[in-house]
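Undergrad: Going down the list, the protein sequences come from chains Z, F and U.
Position 318 of the first sequence, counted from 1, bears residue number 318 in my numbering, the numbering being contiguous throughout.
In my numbering, each residue carries its 1-based index in the second sequence increased by 338.
In my numbering, each residue carries its 1-based index in the third sequence increased by 743.
What the hints contain is simulated information worked out from the structure, not anything from laboratory work.
Bear in mind the structure is a predicted one, so any value in this text is a computation, not a measurement.
Hints should not be assumed to be uniformly reliable.
What the hints assert, rightly or not - Only pairs whose alpha carbons sit at most 20 Å apart, straight line, appear in this in silico PhoX-like list of lysine-lysine: (1) 31(Z) <-> 77(Z); (2) 256(Z) <-> 289(Z); (3) 113(Z) <-> 394(F); (4) 29(Z) <-> 77(Z); (5) 31(Z) <-> 958(U); (6) 597(F) <-> 139(Z); (7) 131(Z) <-> 597(F).
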Amino acid sequence: MKKSALIGALTLTGLAAGMASAGTVDDVKAKGFLQCGVTTGLVGFAAPDANGNWEGFDVGFCRAVAAAVLGDPQAVKFTPTTGKTRFTALASGEIDLLARNTTWTFSRDVDLKFTFVGVNYYDGQGFMVPKELGVSSAKELDGATVCIQTGTTTELNLADYFRANNMNYEPVPIETNAEAQQQYLAGACDVYTTDASGLAATRATFENPSAHILLPEIISKEPLGPLVRHGDDQWADIARWTLNALITAEELGVTKANLEEMAKGTNNPEINRLLGTEGDLGGMLGLGKDWAKNAIAAGGNYGEIFNSNIGEATTIALARGLNAQWKDGGLIYSPPFR
Amino acid sequence: MTAMTDQQKAGFRLSQLIYDTRYRSMTIQAVALILFMLGIAWLLSNAAQNLAALGKPLSFGFLFEPSGYDINQQLIEYDSQSSHGRAAIVGLLNTMLVALMGCITATVIGVVIGVLRLSHNWIVARLMTVYIEGFRNVPVLLWIVLFMAVFIESLPQPRDFRGDDATASMVLSDSVAFTNRGFYIPRPEWHSGSMVVVIVFLLSLAGIWFFGRWARKRQDATGEILPTFWIKLAIFVIPSVLAFFVMGQPITLEYPALKGFNFTGGIYMRNSLIALWLALSLYTAAFIAEAVRSGIQSVSHGQTEAAFALGVRPGRTMQLVILPQALRVIIPPLISQYLNLTKNSSLAIAVGYMDVTGTLGGITLNQTGREMESLLLLMACYLTISLSVSAVMNWYNNAIKLKER
Amino acid sequence: MADLSYVRTQMVPQQDPPITETGAIKWARENLFSGVTNSVLTLLALYFLYQVLHEVIPWLFFSTWNANSLAECREIAEGGCWAVIRERWPQLVFGFYPSEYYWRPVLTFVLMLVALAPVLFNGLPRRMVWFSALFPFLAFWLLWGGSLWLPVAVIAGFALAAMSVIYLPALTGTLLATIVAFIAPVLWWLFLAAPVASILQAILPLAIEPIESAKFGGFMLSVTIGITGISLSLPIGILLALGRQSNLIAVKAICVGFIEFIRGVPLITLLFVASTLLNYFLPPGTTFDIILRVMIMVTLFSSAYMAEVIRGGLSALPKGQYEAADALGLDYWKSMRLIIMPQALKITIPSIVSLFIGLFKDTTLVSIIGLLDPIGLSNAIRADQDWNGIVWELYGFIALMFWIFCFSMSRYSMYLERKLQTGHR
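Whole structure, please, built from the sequences with the hints as guidance.
TA: Set out below in structure tokens:
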């Protein structure tokens, strides 16, 4: 309460004594909560429920980081960001971490000066069309009207794809998923294009999902991942290794259910190092010994977060596909904890 | 202060800067200027520091790099290989297009509604009041999204025009199609010889102007009133039509036709343009109508009575006596309504119309991450438009003021 | 023969006026069918009315309030589906504000009406103005919660300024007192207010549950932004208007530049500045939350318009008032405070109300930068699986709420205009 009073005082008087930024992790510990940027609402990835509690895949990662740093998965405040405001919010320090299905690209990393801490979802841009249109390939879309969400890489991919295939199209730029959905369902555009996961999530909410098909072409690589500002390596390491801890936990079979038991010590040294019973990896990050244990306790390991938010048991019903563990033929792969 | 009194003989003490009205204004101004400069310097140094920390020094180089995205409505040649700067210009032209169309229709609707609101016809006057109060008291953004929703939900999609059991059909002998993607209207095609028709048409316009001048002079001299409207109409139509047929119909119409996913051919007015245009014009027209009404009411009733006493009919009274006098009262609020409409056109992004806010302040800003430069340019664009519109309209305002004296 | 008469000797019994000259028919003839044009207009209007009512009345009549999703609505009723309003109206009004604290915004709103009372009605005790002055702090505390000592500490800054103006001149002279009056509160706010507030809080805890601004939404957000904008812009607008009128060229140039700049750009670009740029202009590492940033920009925006409104009021005053003030030997600030401003502000009240209506409508623009005002919430609601595809009911409800609010205020401002007229003409 004192802190909010202090912040209030700062804002009220419009003073703005530069709060010495010693390092994001210290700021977060001092504040007592993590400020996490998410989308304004995409079913399965981040959306507030009727009581205003945030849920979703990206939200799960925020909670894991909060648990690793502060020991409390609820010590997160969420800032909904639009495609336009997300990078400024991160750059200006308004948020500590951005987990908003953001594509890792060269220019965002190098030119906009952000550090992507890994990939938590491998995605690609796809197309959705009504079945009755009789289209079976994106190559047949010459002359179509295409709904796109602005402020993302999809616009650029789309322009490239149609130009490379020498086709024409009529772009209809739209700000929010809800509006895109309305226009698509009313037939104001023939095709809706965005990340394949987003298309699946959107289709799941339709009255009659089977009347719409996702075309087989995936026209881009969209590795989505959380990101932090350049220049604070300690904070980037914490975020990166929290993600890796969740992935490694799944690989090693550490789940929310058997976590306590495993934390007592196992004969697998990597599990022991991960959960802090052997060595002090947490200390090297500047966190407690049980950082990874807390992170996993927040929402389970990578696979559990995936399954409970966007997995096949949910209405969104995404298969693991590329996002399976490397052992199962996917791309999810964590460097070793050593 | 005591030290200062020693210099009394010099005729000027520092305390005079504060207590002497001759110098005080200078002091205040100097202090104000210094404070202002300090404030600006503080803001700028903060910005410079922050930008340096982010490694994004102020640079407009991105304007010359390929934009990589497409724009649906382009008044000039543009594709995804064109530069961000060109995308901004495309957007700026779109802004101007919708602002211009909006200003014209808003004026027409506004004047009609404003006059009708004062009509003696009870039901018409009431209806106009409902219109004005309804449109004025609901946010324009809501009108824009509402009009867009009306178009999308209630008009047929192009697919409905296809097949034997088509649920929708084109109107005006298959020349115009109203779809929820927009309206398709025929486009004139210019063949060889069409230049002659155009020249004849322009000449006839000049002819109308000269005729008008001549008729007015004649009326001043002889008092005789010619049926100028009909004669002007004849000059407007007959020579052009004659030239058109003499040259062997060099202008044809290209009709829109359903091909593939969409209608092709003809002029395509996108639903975003139409929704924005209609919403802006109807909303602004409500304000203009109020300005027109108060302008008309500001003309004293004696003017109307005098005109009636001279035997002028009500329509001509309005046209010749009331409106010219009301115009002086109407013009200043009209200027600010035009400016408002232009500024409100920036809400285009709510319906995906690619105006300058949508290109420069939207996609370009997103893709390049140059918030500072994009927004500075965007504001400069609007400021230029606003200042030039108000300059032109103020010049016009002064012009009609002078005439009156 | 004698009874032969060319003049009627008996009164004819009074007859009813011809049927065409009485009652509804006369009224219709005069008001609806007085000529060919008028008759055509009337018929057109009637046709138009018929068309509209023909569509709307069944839609309104066969609507339902009881359903849990749009699909359910469509099964029950042919017409509108108002169930979405029934389910979501607390959200549309209060956003995500915790429902157990709804009394706080409601109380704030009621107190606001009380605070406005001295303006609305004559004949109230003058002391009410003190409450109006305290109201902004009270409102801040009620809406955002937290420690009561914080607004108290801020008020203490103003008290400090007032004290230095009243008591210091006797000790140090007017000039120094004025300078102290500016500097002392700033120093107090910068360095002392927050610690003092926390100490007081530690000694005597007086706090209510703090609520972060991210939870603000719906009409409450619109009203909060609108009221904050208009009330903060009043003092700034007065200063700008005076600056624009002043003879000091430098001051005038600054004010004119600011006013014309703000009036020349659309509000949405200023909101973009709030959402993406404002942080760049603050010392590194400072952040505000987005709603406060929006309030800052909206205040700047409306103060430029406010300045123009007040300038109108100033120039509407007869020159004699200025001259009389000078003749009494009042200095600039005294003449402004005691003679000019009270009159100028009084005649500008209707324009200020109109300005507020415009600003209130413009608050819907914040939905474009991702805040959840009614329009932003309507998008969120339409994204919900249950209400996917609902359009008219939501927009209609929002439009109706805005309409009621704005229309009643515009009527009120017309009433004020009549009430406040003092024959200067």
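Undergrad: Determine for every hint whether it applies to the structure shown.
TA: The hints, checked one at a time:
About 11 Å separates the Cα atoms of residue 31(Z) and residue 77(Z), which keeps this hinted pair within 20 Å; it holds. Only pairs whose Cα atoms come within 20 Å are accepted, and residue 256(Z) paired with residue 289(Z) is accepted, the gap being roughly 18 Å. Among the hinted pairs, residue 113(Z) with residue 394(F) is consistent with the structure: their alpha-carbon atoms are about 9 Å apart, no more than 20 Å. Between residue 29(Z) and residue 77(Z), the direct Cα distance comes to roughly 13 Å. Compliance with the 20 Å bound is thereby established for this hinted pair.
Under the criterion of a C-alpha separation no larger than 20 Å, the hint pairing residue 31(Z) with residue 958(U) is consistent with the structure, at around 19 Å. Our distance criterion of 20 Å between C-alpha atoms is met by residue 597(F) and residue 139(Z), whose separation comes to about 17 Å. A distance of roughly 19 Å separates the Cα atoms of residue 131(Z) and residue 597(F); the hinted pair therefore holds under the 20 Å criterion.
Consistency note: the structure conflicts with none of the earlier hints.
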